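Participant: Heads up: the protein sequence lines correspond to chains A and B, in order. Note that our numbering has the first sequence beginning at 1, numbered continuously upward. Note that our numbering has the second sequence beginning at 1, numbered continuously upward.
Keep in mind the hints are simulated off the structure, nothing from the lab. In this text the structure is predicted, and so the values were computed from the model without any measurement. The C-beta atom is built at its ideal place from N, Cα and C for all residues, glycine as well. Among these hints, one or two may not hold up.
Claimed, not checked - Below, in silico cross-link-like pairs of lysine-lysine (DSSO-like), each with a Cα-Cα straight-line distance of 30 Å or less:
#, chain 1, residue 1, chain 2, residue 2
1, B, K43, A, K119
2, A, K119, B, K51
3, B, K80, A, K119
Said to hold, decoys possible - Going by beta-carbon spacing under 7 Å, a handful of chain B positions derived as facing chain A:
#, residue
4, I53
5, Y171
6, Y212
Number of protein chains: 2
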Amino acid sequence: MISLNLVLAGLRLGLKNRQVGEKWVADDCSYLCKGLYNVDMRKKPILSNIKNIATTQFFNIQSMDVAFSNGEKRQYERLKPDGDGAVLVVPMLDDDTVLMIYEYSGGTHRYELALTKGKIDAGESPLEAANRELIEEIGYGAKKLSFVKTMTLAPGYQSNFTHIVLAQDLYEDSAQGDEPEPLEVVKHKLSDLEELVYNQDLTEARTIAALYMAKEIIKNQ
Amino acid sequence: MISLNLVLAGLRLGLKNRQVGEKWVADDCSYLCKGLYNVDMRKKPILSNIKNIATTQFFNIQSMDVAFSNGEKRQYERLKPDGDGAVLVVPMLDDDTVLMIYEYSGGTHRYELALTKGKIDAGESPLEAANRELIEEIGYGAKKLSFVKTMTLAPGYQSNFTHIVLAQDLYEDSAQGDEPEPLEVVKHKLSDLEELVYNQDLTEARTIAALYMAKEIIKNQ
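For reference, chain A alone in the conformation it holds in the complex (with noise of 0.2 Å):
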């Protein structure tokens, strides 16, 4: 992939105005064409006057100038958090078992139903903040820590991100956290994923793509 970067980049010279119309349609089944798409359309635009103008306990968030390729320029603003993002971390019990957990959501007042997650402490790993996690929030650790994915939540307007983490032989160890009450773990059967999606108090994003893909790497294992 790398080499066929170098000669799109080489290709790129003598491409110029490819645009025809408003929208466009790459199939990514066309490696050398996407290739070329990539090179012409995503172009980064320029950003300047970046500050923060909005400044919390929890919170920053900051403006910028945006100014495109085509000549368009926008103000944009941003949530950028301090730190080095979150994880999110899927406890198997077995193969099929996941622990989850109730947890008070201050965001929709209401108990949400979701995976083990926390802020990476200065200094942590996201392996170690994953495993302290648990062991805080569930109860557990974990012998096996395997990275799944970074995702984002909002990249529009967020710049943080979180490490998906998948725990496995897990050991009782506890510890105490900052949560405000006890937790309530509950466990649930990834055989049943495609029901459990549905369940109303599970609304999170992350981890219902982090439970999906959880199970896919179980299963190939």
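Add chain B to chain A, keeping to what the hints say.
Facilitator: Okay, now just chain B, sitting in the frame of chain A:
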């Protein structure tokens, strides 16, 4: 389920202090047991002193005092946007081919591979918003629009909802949206989803979750 909850609400009167430790593991396969846990443990905290502490062009941040049923008190902050939420659309050109877009995303300063999405305008239903966004962003409308699921992004600190919509029986149509530059539309195959989710251009959790759910719905149609 309603009648079961009524029974459980009655049973609750005779049940006190059922928590024996910091951690609970309820088996959701045992519905009676689950109901009892629900009644005891998911007593929503009381919110007070809710106020807007920062308002910008795109964001509104609230703070609130949260008093948990165990006596713990915390101060929370949350993003509380106006409006009726957003839609995210899975547009199927045929039963296997999904139309995705590359769009510049200010939060990550990257071109992200994702599904068409946008805010619901005043007076619009989610399905109407879905069709409008499709026409503006990918040059197709849909004769068949199906509600899939309402998802949250980070319910701990965000109040907004995204309604996932499956769009089928597409027809060509276009309208000018508010995009600063034309979007690049790319085809992907749901039959390749197991590989697609590892594409590093695809990070948005809502999009990944929606693709898995759409694939299962279409399989069962």
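Participant: Does the structure keep K80 (chain B) and K119 (chain A) at a Cα separation of 30 Å or less?
Facilitator: It holds: about 21 Å lies between the C-alpha atoms, which stays within 30 Å.
Participant: Tell me if the straight-line CA distance from K119 (chain A) to K51 (chain B) falls inside 30 Å.
Facilitator: This hinted pair holds, its Cα atoms lying about 25 Å apart.
Participant: Under the criterion of a CB-CB separation shorter than 7 Å, is Y212 (chain B) in contact with chain A as hinted?
Facilitator: 4 Å, holds
Participant: Decide if the proposed pair is consistent with the structure: K43 (chain B) and K119 (chain A), CA atoms, cutoff 30 Å inclusive.
Facilitator: 26 Å, holds
Participant: So, Y171 (chain B) near chain A? Judge it on the closest CB pair being under 7 Å.
Facilitator: This hint is violated: Y171 (chain B) lies away from chain A, its Cβ roughly 14 Å from the closest one there, beyond 7 Å.
Participant: Was the hint right that I53 (chain B) lines chain A, CB cutoff 7 Å?
Facilitator: Check passed: Cβ of I53 (chain B) comes within 6 Å of chain A, closer than 7 Å.
The earlier numbered hint that this structure contradicts is number 5, and it is the only one.
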